[in-house]
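Student: The lines below spell out each chain.
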Amino acid sequence: MDEHAKTVTWIATLRRARHQTRLRLGLVMVGLLLIGTGLTLITGPTMTAPMDVLRVLTGHDLPGTSFVVLELRLPRAILSILTGMSFGLGGVIFQTLLKNPLASPDIIGISAGASAAAVFAIVMLGWSGAAVSVTAVIAGLAVALLIYLLAWRDGVSGARLILIGIGISAMLDSMIAYVLSRAPAWTLQDAMRWLTGSVNGATLDQAVPVLLSLLVFGGILLARRGNIEAMRLGDDTAAALGVPLMREKVVAVMSAVGLIAVATAVAGPIAFVAFLSGPMAKRIAGPGRSPLIAAALVGALLVLLGDYAGQHLLIGRYPVGIVTGALGAPYLIFLIIRSNRNERET
Amino acid sequence: MTSAGSTALTLDLLRASRRGRVLWLLVVLLVLTCACILSVSFGTRDVDWADIIAGVRGSTETMAQAVVAVRVPRTVLAILAGAALGLAGAVMQGVTRNPLADPGILGVNAGAAMAVVIGIAWFGMQTLHAFMWTAILGAGLAACFVYAIGSLGRGGATPLKLALAGAATSIAAASFTVAIILPRNDIAGGVRSWQIGGIGGASFEAILPALPFLMVGSFLCLLSARSLNLLALGDEAAAGLGARVAWARGIAALGAILLCGATTAICGPIGFVGLVVPHLCRLLVGVDHRWLLPFSALTGAVLLILADVAGRLIARPTEMDVGIVTAFIGAPVFIWIVRKRRVRDL
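Chains as they are written, first to last, in my numbering: chain Y, 1 to 346; chain F, 347 to 692.
The following block holds chain Y by itself, in its conformation from the complex:
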């Protein structure tokens, strides 16, 4: 009896402690996002005083500064955050449903589909702006559907889907390479910049479709995070818990593809954001908690800080995709080291 009461209080304290850690981590991430936004707004070839930035943001009109902050830096920060959230959220859905931390949309060909279509539209058809975005979204969905259909053999298995995605992605990559080799020099620069993933030259108009997709698809996913959590436990358990598997999977995957494709259409396939956000978010959210919100925040942080680092901290200026892409290799090495340690412990 006494023993029992002790256990209960112990579990309660543990829960409270965990809840507090989670809250603290969440606050830290939001704080970091604010700091990153602030830095992006302040820093540039000419530094702007923080007070001036605040005054501009609250509606004062300062000649010169207003243009730089509102037209150049603010859209950049907003677009970074929105695309980062889309990538993070879309990535973690794929990783959860396919039960593999390496199975993110940039590796299994979803991003490659959107990229190939966009590069084709830019180089071969000479399109730009919204037309490119729409093409990329349609192609992203089409490629996802194609991968799904090809993986279908008495039901879809995660392993087969991932491998077929890798194959399709290799084919699309070489198509991109071919289109680029046909490109005249002036569109080549455009296409290359887009391919590496960057938020250079961001405008607020570009942010609108990303925001909309984030509201719609992100909303759908967040509303279903309980079911998505249940599916992490395995198909049988989820079905036993009353999750309509087929429908939930299709809805979740479609939403994730939508998020990824829209963000890719606007900012290009920013490498590895979708790949890195999920595992980091899972550590932050802790066991048994849905990592969706954390993944969105981590994605936003990665793009925002990656862009800042690429613009101001490194020698030479790099688009954000290069910075986040370079983070991928250390992460893979980290995976090796961690799993070696785990094996020694067990």
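These aren't lab readings, by the way, just hints derived from the structure by calculation.
Remember, predicted model here, so these are calculated numbers, not experimental data.
Some clues are possibly wrong.
Claimed, not checked - In silico BS3-like pairs for lysine-lysine, Cα to Cα no more than 30 angstroms straight-line:
no.: 1; chain 1: Y; residue 1: Lys99; chain 2: Y; residue 2: Lys249
no.: 2; chain 1: F; residue 1: Lys686; chain 2: Y; residue 2: Lys249
no.: 3; chain 1: Y; residue 1: Lys99; chain 2: F; residue 2: Lys686
Use these hints to put chain F onto chain Y, whose structure you have.
Tutor: Same frame as chain Y, now just chain F:
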């Protein structure tokens, strides 16, 4: 009596299969000859027979003869590179006991390419000899890295984990490569065209430094045919039959890496030859590596020549690089292999 009968039957089958193999060998050699003739006679420019014969003899008096004279080293390079990649693919599939192993899929080519780009950009490498050593070093490092990540966790190096690790490593390597060449306009154009993987600008001077590497690599690979047969039975069984498992793996892998590195140094990364060829050859001659390896080399040469000819004819009046053609042939085969296998084996 029945046992004697079945022994006789087995012997008959063996003899029949040997005859079958010799027959197939003759067929493949015939096809190779035809492919060579096609390769020197077809291209962007139409030439007639007299010019072809004169051109092959080295005469460059007319435009047509000069064109043929350019096609000769190109064909030789296609034979060497195709044979090297086919052989390397067969050895990699044997060493990892993995039907999806391919220098392209496993990221070995991407590693070699990154190493060469680093060498050009940071160390000002100029000579083909230096390219060769760097590419082999890069290929080796990438192979070890991918194998280390792929064999993490439970179940060892499954095809799925190896393919994912290879894809992720390829993306990371590509990202580094772009980061290196982006600020270097002086080398960007050359590196980009080399990266697609082509044999267009071949000359005998460029082929010559690769020959020693290709020879040593092929020697090591062919030497490991017997031990690969043993390894196919599983590590324990192979050790029980007297194979030194680690040594056998190491030597075979070294041979494959030499072949991949040297080929990538001259042609750039060419994917999927190493994947498709061994599977085709297994259908023709069975799983005995003593037959499979030389067959893979011959068939690889045929495939690369034909892919090169196709690339010249498809995109007239220009050319499509052979790396793109092989990806479009190879990716569907990859998907077919994945679909054919049971989920448990992935």
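Student: If a hint holds in the structure, say so; if it doesn't, say that too.
Tutor: How the hints compare with the structure:
1. Y:Lys99 - Y:Lys249: It holds: about 13 angstroms lies between the C-alpha atoms, which stays within 30 angstroms.
2. F:Lys686 - Y:Lys249: holds, 24 angstroms
3. Y:Lys99 - F:Lys686: holds, 22 angstroms
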